[in-house]
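Here the structure of chain A is known, so what remains is to put chain B in place on it, guided by the hints.
Here is how the chains run, residue by residue.
Number of protein chains: 2
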Amino acid sequence: MLVLITYDVNVTKAGGGARLRKVAKTCENYGIRVQNSVFECNVDASQAALLKASLLDIMDKDLDSIRFYYLGNNYKNKIEHYGIHSNFDMKETIIL
Amino acid sequence: MLVLITYDVNVTKAGGGARLRKVAKTCENYGIRVQNSVFECNVDASQAALLKASLLDIMDKDLDSIRFYYLGNNYKNKIEHYGIHSNFDMKETIIL
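Read top to bottom, the protein sequences are chains A and B.
Positions in the first sequence are counted from 1; adding 1059 to them yields my numbering.
Positions in the second sequence are counted from 1; adding 1059 to them yields my numbering.
None of these hints come from the bench; they were simulated from the model.
Fair warning: there could be bad hints in the mix.
[To be verified] With a cut-off of at most 25 Å between alpha-carbon atoms, the simulated DSS-like pairs for lysine-lysine come out as follows:
| no. | chain 1 | residue 1 | chain 2 | residue 2 |
| --- | --- | --- | --- | --- |
| 1 | A | 1111 | B | 1135 |
| 2 | B | 1120 | B | 1081 |
| 3 | B | 1084 | B | 1120 |
| 4 | B | 1081 | B | 1111 |
| 5 | A | 1120 | B | 1137 |
| 6 | A | 1137 | B | 1084 |
| 7 | A | 1135 | B | 1135 |
| 8 | B | 1072 | B | 1111 |
| 9 | B | 1137 | B | 1111 |
| 10 | A | 1137 | B | 1120 |
| 11 | B | 1111 | A | 1137 |
| 12 | A | 1137 | A | 1111 |
| 13 | B | 1137 | A | 1135 |
| 14 | B | 1120 | B | 1072 |
| 15 | B | 1137 | A | 1111 |
| 16 | A | 1135 | B | 1120 |
| 17 | A | 1084 | A | 1111 |
| 18 | A | 1081 | A | 1111 |
| 19 | A | 1072 | A | 1120 |
| 20 | A | 1084 | A | 1072 |
| 21 | A | 1135 | A | 1111 |
| 22 | B | 1135 | B | 1111 |
| 23 | B | 1135 | A | 1120 |
| 24 | A | 1084 | B | 1137 |
| 25 | A | 1081 | A | 1120 |
| 26 | B | 1135 | A | 1137 |
| 27 | B | 1111 | A | 1135 |
| 28 | A | 1137 | B | 1137 |
| 29 | A | 1111 | A | 1072 |
| 30 | A | 1120 | A | 1084 |
| 31 | B | 1084 | B | 1072 |
| 32 | B | 1111 | B | 1084 |
Excised from the complex, chain A in its bound form (with noise of 0.2 Å):
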């Protein structure tokens, strides 16, 4: 299923720059970057889980925000993208 991960990390105070990569670096081992704070993760529900422990883990709960959103299997026709592209798979998403 595809999870979808969007945060705001506060970096305006001490350890905020550490934990804005920590989240980055842990959604990467389970997705990719398709924007700057937006990561997509195919994952089965035990990696899922296991991903939102660990970002349940890193993050300030008083500073930082983090959102999921389960996309469920029948995902490709609910997603469009417009404009540049970094690294995410050209397969998964209509490009327009």
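Only chain B this time, still in chain A's reference frame:
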């Protein structure tokens, strides 16, 4: 239906700041900001088309990135939020 919009606007070149403000302002007319560059818009198909057209008109496709996720009408159990939040609709999201 819920349309999730995520964007990266390149603000390192002239005009980027203005585009960023226009993108955010346009999204605000249709939905709620849930993170810095993430909006959730509960719209019908006609509104979704208008919103998309407006954003595509604003963005610079050579510099910016906008993604649309069409989450349909049964989205409430597909979204989880952790950490800080600002002005998003408490009724629409599982708060954990």
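field: In rising order, the numbers of the hints this structure does not comply with
entry: Every hint satisfied by this model.
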